[in-house]
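**Q** Residue-level listing of the chains:
There are 2 protein chains.
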Amino acid sequence: MKNIPHKIYLTEEQMPKQWYNLRADMKNLPDPMLNPQTLKPVTEEDLYPVFCKELAHQELDNITRFVDIPEEIQDFYKMYRPSPLIRAYQLEKALDTPAKIYYKFEGNNTSGSHKLNSAVAQVYYAKKQGLTSLTTETGAGQWGTALAEACAFFGMDLTVYMVKGSYEQKPFRKSIIQTFGANVIPSPSNTTKAGRKILAENPGTSGSLGCAISEAVEKAVTTPDCRYVLGSVLNQVLLHQSIIGEESAIAMQLIDEYPDIVIGCAGGGSNLGGLIGPFMRDKLNGKANPRIIAVEPASCPSLTRGRYAYDYCDTGKITPMAKMYTLGCGFMPSPNHAGGLRYHGMSPILSKLYHDGYMEAVSVEQTKVFEAATFFAKKETILPAPESSHAIRAAIDEAIKCRETGEAKTILFGLTGTGYFDMTAYNSYLEKTMSDYIPTDADLEKGFAGLPHIPGIQE
Amino acid sequence: MKNIPHKIYLTEEQMPKQWYNLRADMKNLPDPMLNPQTLKPVTEEDLYPVFCKELAHQELDNITRFVDIPEEIQDFYKMYRPSPLIRAYQLEKALDTPAKIYYKFEGNNTSGSHKLNSAVAQVYYAKKQGLTSLTTETGAGQWGTALAEACAFFGMDLTVYMVKGSYEQKPFRKSIIQTFGANVIPSPSNTTKAGRKILAENPGTSGSLGCAISEAVEKAVTTPDCRYVLGSVLNQVLLHQSIIGEESAIAMQLIDEYPDIVIGCAGGGSNLGGLIGPFMRDKLNGKANPRIIAVEPASCPSLTRGRYAYDYCDTGKITPMAKMYTLGCGFMPSPNHAGGLRYHGMSPILSKLYHDGYMEAVSVEQTKVFEAATFFAKKETILPAPESSHAIRAAIDEAIKCRETGEAKTILFGLTGTGYFDMTAYNSYLEKTMSDYIPTDADLEKGFAGLPHIPGIQE
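So the protein sequences, as listed, match chains A and P. Just so you know, the numbering used here puts the end of the first sequence at 715, numbered straight through with nothing missing. Just so you know, the numbering used here puts the end of the second sequence at 715, numbered straight through with nothing missing.
There could be a bad hint or two in this list.
Copies of the same chain are indistinguishable here, so a pair counts whether it falls within one copy or spans any two.
[Stated by the list, open to error] Under the rule of at most 20 Å between Cα atoms (straight-line distance), these lysine to aspartate or glutamate pairs were calculated in the EDC-like manner:
| # | residue 1 | residue 2 |
| --- | --- | --- |
| 1 | 665 | 352 |
| 2 | 283 | 327 |
| 3 | 635 | 413 |
| 4 | 263 | 331 |
| 5 | 383 | 413 |
| 6 | 349 | 328 |
| 7 | 573 | 287 |
| 8 | 635 | 331 |
| 9 | 263 | 328 |
| 10 | 453 | 474 |
| 11 | 635 | 327 |
| 12 | 543 | 281 |
| 13 | 283 | 302 |
| 14 | 384 | 327 |
What the hints contain is simulated information worked out from the structure, not anything from laboratory work.
Chain A on its own, in the form it takes in the complex (with noise of 0.2 Å):
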């Protein structure tokens, strides 16, 4: 046991130089994202107001199977990366599992998750075209501070909407953007049709995330040379974010493993997407049979409890519509909910992935989730995010089933970053003022009743 270190970290020329396309490898590709004006497969060339040419290139590429990456782009991952791939010794045996577990640690950084992968990639893309400037929303602030790291560095400008009761909440993260040069508007705002329409209506709202996506998309689309970008859900995002599976993948046949089992937390999917890629392909080519398997929470599952149907991205209904795993675009989980995974819809190659069945999903209640990453802290010395957390929880799950069984398994998880900044909601669970809350089924068709109908294809 002792012959496998704690840490695995790939030197640079270990690396990955090039990302992983997922779809490639798929016999069912999703269904196509439809132009919500034509309700006819959006083109390249629908996407360009939006996103620059290479990203609305990759957003729509089914074919391309390995993706150079840029070596700029290397070069900014090598500051920050690679991030090393932990074998959780102590958490093993405190709970005296005979499995073996493995995570990929992307807290490492200032951005404090994942969200910095594909950051640096959409701000070096819209750099390269000869645009100046960006726009994006953020809510718990992750990708905010990500994106305004890469924009520093590119010498980009940058406009965050950030959802109004985040900005007031959390003024640590709006600091640290600011930190990195980045303009900070809290949503709703006054300057954006979007904006002082809804401020008009309800002047004393505190903000959504579909709000800020509505305006950072109308601040883009009307400024010269800008370009809006997001986060997650998005084939481009998945695509980056594979770098956190590629270096797993190298990182375990170094040590001569393979996971049994493959464990990610779901929101958009940005993250779940990123890890699970060369074992999903193994999986996809028969080549190896990993149970994979996406941890989302019980106040909002998309997968578990959601449908499979076209919907729109946003609250605001103006981006195209995506087959997606969702529980309706103005689905809001409960205010009790804590954290992100907040989204209404999943990745639609992970949608599609689920569907055709090489995928499970579990949902786990909150405090359930907490309990895992107080757990965890006081074992590996690292406080998780809430995010993070749900695939602790569904990993300490399965090492607790080996026990019983008396397999010794091999369980990878995704752990994505850090709590500092969720502290709010780690106290309320200290004090036992954390509830679970669980949408009634009459809660779900609320949200269903707003699918898109489109004619031939949705009805």
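Given chain A's structure and the hints, the job is docking chain P onto it.
**A** Same frame as chain A, now just chain P:
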């Protein structure tokens, strides 16, 4: 240039198995600590009520050159160490300097700093002696977090006296410490005689580090099987922190480098004393002659403007007296001073080395420090702690000198931690409300006036 990777991680086999005790190579030892009752040099036995036996031994051991790191501590280190030695390629490029800049980054752990290196050692030895609980004080909270992590891991009870002002202004720091299971008490409190006295005299006080130390020490000596632990200044702390320097030296050897200049921030000296170990060893033994620079805040200038004298280690004057550079144990930095590095004295070992000319010291003003911090963050993607940024400032200044002279010097500095919990200070820098303060000579004279009179030793 591209042959040297951005980051060097030692393998577990390459990691140091021993700490290094600087005193063993000093021709002239620091003057002994004095027992404030007897005015005689303290003995190990004198220290037993406060420190566990092994730590009391380490505190006074001037002879043992290398101390084996117990296997349990090595195993703990392997969870978050080795820390990377990073080549600051992007910072060099931005400064257009021929200098080669390296930094040893100690912030990639949940405590957010190097403090964990000594916390785990102190908890381990206390546990091994059969003690059941520990007390400490914390101001900014990094030490309290580190100690809580170590206590959670080894199953020790911990009470942290947190300066009331910090307790109220940094609720998230408190929550992290509580998440690891420690008991956090705002100081002054009703739990000690010292606290009750201060509260009676000044009910509205927001507390001070000196008062929190007094409460923690009182609690330790009046509780069965309990001891007090401290995160800086002490000789034992420098011993444990030597892991920083030893790792740095091994990593530099692997890439065939040796620093011309070693730079560390200096408050009580825990980081600086650890970082410089192997380089100071070479200097003391005539094998090399690197410049070694301590960087301190202009608002708390113990080395550059303090007296080399015997003084108490705490404001309450209950600890032994140490010969060190000091501003007087009553000295308090101006209220506009942000972050740590606010201790009135300096490690007796470092004080002696500085006094004997083995080390330089510079002081820097805080707006210049935050300017360097922000510049560094944008280029190297890490948000540094204000404390660490003192070293960044000096490293940048040396690199700029190299640009001017054309010299390709090799600079190594210690990046002790991250700044996630210091956004209030970053904010005031961004909003240009941050000011500088340099104490006047008259201010300093007030502190010196309180230095103890010791018949025959210090009149």
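**Q** For every hint, state whether the structure bears it out.
**A** These are the hints, each one checked on the structure:
no.: 1; hint: 665 / 352; verdict: within (13 Å within a copy, 52 Å between copies)
no.: 2; hint: 283 / 327; verdict: neither (31 Å within a copy, 51 Å between copies)
no.: 3; hint: 635 / 413; verdict: between (42 Å within a copy, 15 Å between copies)
no.: 4; hint: 263 / 331; verdict: between (22 Å within a copy, 12 Å between copies)
no.: 5; hint: 383 / 413; verdict: within (10 Å within a copy, 53 Å between copies)
no.: 6; hint: 349 / 328; verdict: between (42 Å within a copy, 14 Å between copies)
no.: 7; hint: 573 / 287; verdict: within (19 Å within a copy, 74 Å between copies)
no.: 8; hint: 635 / 331; verdict: between (34 Å within a copy, 12 Å between copies)
no.: 9; hint: 263 / 328; verdict: between (27 Å within a copy, 17 Å between copies)
no.: 10; hint: 453 / 474; verdict: within (13 Å within a copy, 61 Å between copies)
no.: 11; hint: 635 / 327; verdict: between (38 Å within a copy, 17 Å between copies)
no.: 12; hint: 543 / 281; verdict: within (12 Å within a copy, 60 Å between copies)
no.: 13; hint: 283 / 302; verdict: neither (26 Å within a copy, 76 Å between copies)
no.: 14; hint: 384 / 327; verdict: within (13 Å within a copy, 51 Å between copies)
Comparing the model with each numbered hint stated earlier shows that hints 2 and 13 do not hold.
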